[in-house]
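Input sequences plus hints: build the corresponding full structure.
Protein chains: 2
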Amino acid sequence: MARKGRMLYEGKAKRVYETDAPDLCIVEYKDDATAFNGAKRGVIAGKGAVNNRMSNVFFRVLEDHNVATHFVEELSERETLVRRVAIVPLEVVVRNLAAGSMAKRLGLAEGLELARPIVEFYYKNDALGDPLITDDHAEILGLATPADLAAIRQEALRVNDVLRPFLAERGVLLVDFKLEFGRDSAGRLLLADEISPDTCRFWDVKTRERLDKDRFRRDLGGVEAAYQEMWRRVSEVEAR
Amino acid sequence: MARKGRMLYEGKAKRVYETDAPDLCIVEYKDDATAFNGAKRGVIAGKGAVNNRMSNVFFRVLEDHNVATHFVEELSERETLVRRVAIVPLEVVVRNLAAGSMAKRLGLAEGLELARPIVEFYYKNDALGDPLITDDHAEILGLATPADLAAIRQEALRVNDVLRPFLAERGVLLVDFKLEFGRDSAGRLLLADEISPDTCRFWDVKTRERLDKDRFRRDLGGVEAAYQEMWRRVSEVEAR
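Protein chains in written order, with our numbering: chain L, 3 to 242; chain S, 3 to 242.
Hints are computed from structural coordinates only; laboratory data are not their basis. Incorrect hints may appear among the rest.
Any copy will do: because identical chains look the same in the list, a pair fits if it lies in one copy or spans two.
[Said to hold, decoys possible] SDA-like cross-link-like pairs, simulated, lysine to any residue; straight-line CA separation at most 25 Å:
{"hint": "1", "residue 1": "126", "residue 2": "108"}
{"hint": "2", "residue 1": "42", "residue 2": "129"}
{"hint": "3", "residue 1": "106", "residue 2": "146"}
{"hint": "4", "residue 1": "106", "residue 2": "81"}
{"hint": "5", "residue 1": "32", "residue 2": "11"}
{"hint": "6", "residue 1": "106", "residue 2": "147"}
{"hint": "7", "residue 1": "42", "residue 2": "106"}
If you want it as structure tokens, here you go:
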């Protein structure tokens, strides 16, 4: 098993460690939760374990559909071995229904189904509050070339095409989600970061009950239970 | 001369009237000034006359370069006969240098020259504060088709290609500007609205002194003088 070396990075929800292998890292998921660019803070008991294991289920499903991800091996409840990448400083958001900041920005009802899934790019920059940007902005800021953006957009929509039916079978509506991509030492674009109730909007298909971090953001209660319920749905069917 | 009929619309800086001809309107420019989506209000003496006449100079120059505009005939110091159009609800911003909201949003120094001119679309909606949007948003909101957006983007860059050297000859750096487009009854896309110190950032080429509405927005003083100086530069050379 890979040995945890020096801590490379500590984020809001994860720590990343070096390993003996220069191309591999260990990600460790925390229970810490933040929202609104760090303005709201808390702890969601058991979140780290749910997010680690759920992300890994999704990464494995995506790899099965030829989406290249950073996933290598789950090491423990909260730790995963991943390929080391340089993160492209974009938050890549895919939306199937209007919700959250998009609904507010455009004056759309939350839950409005979009005519087609769309991809948005946000500049990953806490000091600026992760602003929505256009392709031209990304290029001018040197965040990504037009070719990078086209590749990322296409890959993000492929992730949606895989996860949306996977979740629908489990009674979950995939409203929207945030992805991050990185490049490994060979320059290959890999899906990185996590895919979890922290980074997705998951609604129960029938009741439209929120099963994601909006319960924390909006003080809806039942936060821990929602994470566990999502894990139950994703893991039970996986074990079939 | 066309006769002013019923008022069709009163905006922050202009009134629009019907005429006897169904395809023609009269625009009347006011001295009223607003900024920050109406949060700041005032009067800039003489602004209406400067903006009317300056817009018309620019529209004539653009027509000479085969940019289709709504301009028909200047009727008086403050009034112009224009083709009636249905406005596409987009604020189309062309930027040569970072300034204003873009500099703030992306953390760029005001005055940074961009690698190439870029076009941004804002959703023309006061209640939402005219948010920046992506092409996908414009399409989903039904504001414009991808073909419309491509045509508008191309035309906006053509306007820049004409006005930037025209102004440079007059010692004025065209930092950025906002355009609005409309469709006439035949469906033809026309450049509409105005092109003036209200809608452009004009900087003196040498001193970088602001010669535009930023003097009002930012309480820099000398607001009226800046509008008159811009009119002097645009009109004097035109008369050569």
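Tested hints:
{"no.": "1", "hint": "126 with 108", "result": "both (21 Å within a copy, 11 Å between copies)"}
{"no.": "2", "hint": "42 with 129", "result": "within (16 Å within a copy, 27 Å between copies)"}
{"no.": "3", "hint": "106 with 146", "result": "between (27 Å within a copy, 20 Å between copies)"}
{"no.": "4", "hint": "106 with 81", "result": "neither (36 Å within a copy, 38 Å between copies)"}
{"no.": "5", "hint": "32 with 11", "result": "within (13 Å within a copy, 57 Å between copies)"}
{"no.": "6", "hint": "106 with 147", "result": "between (29 Å within a copy, 22 Å between copies)"}
{"no.": "7", "hint": "42 with 106", "result": "both (19 Å within a copy, 24 Å between copies)"}
Checked against the numbered hints given earlier, this structure breaks only hint 4.
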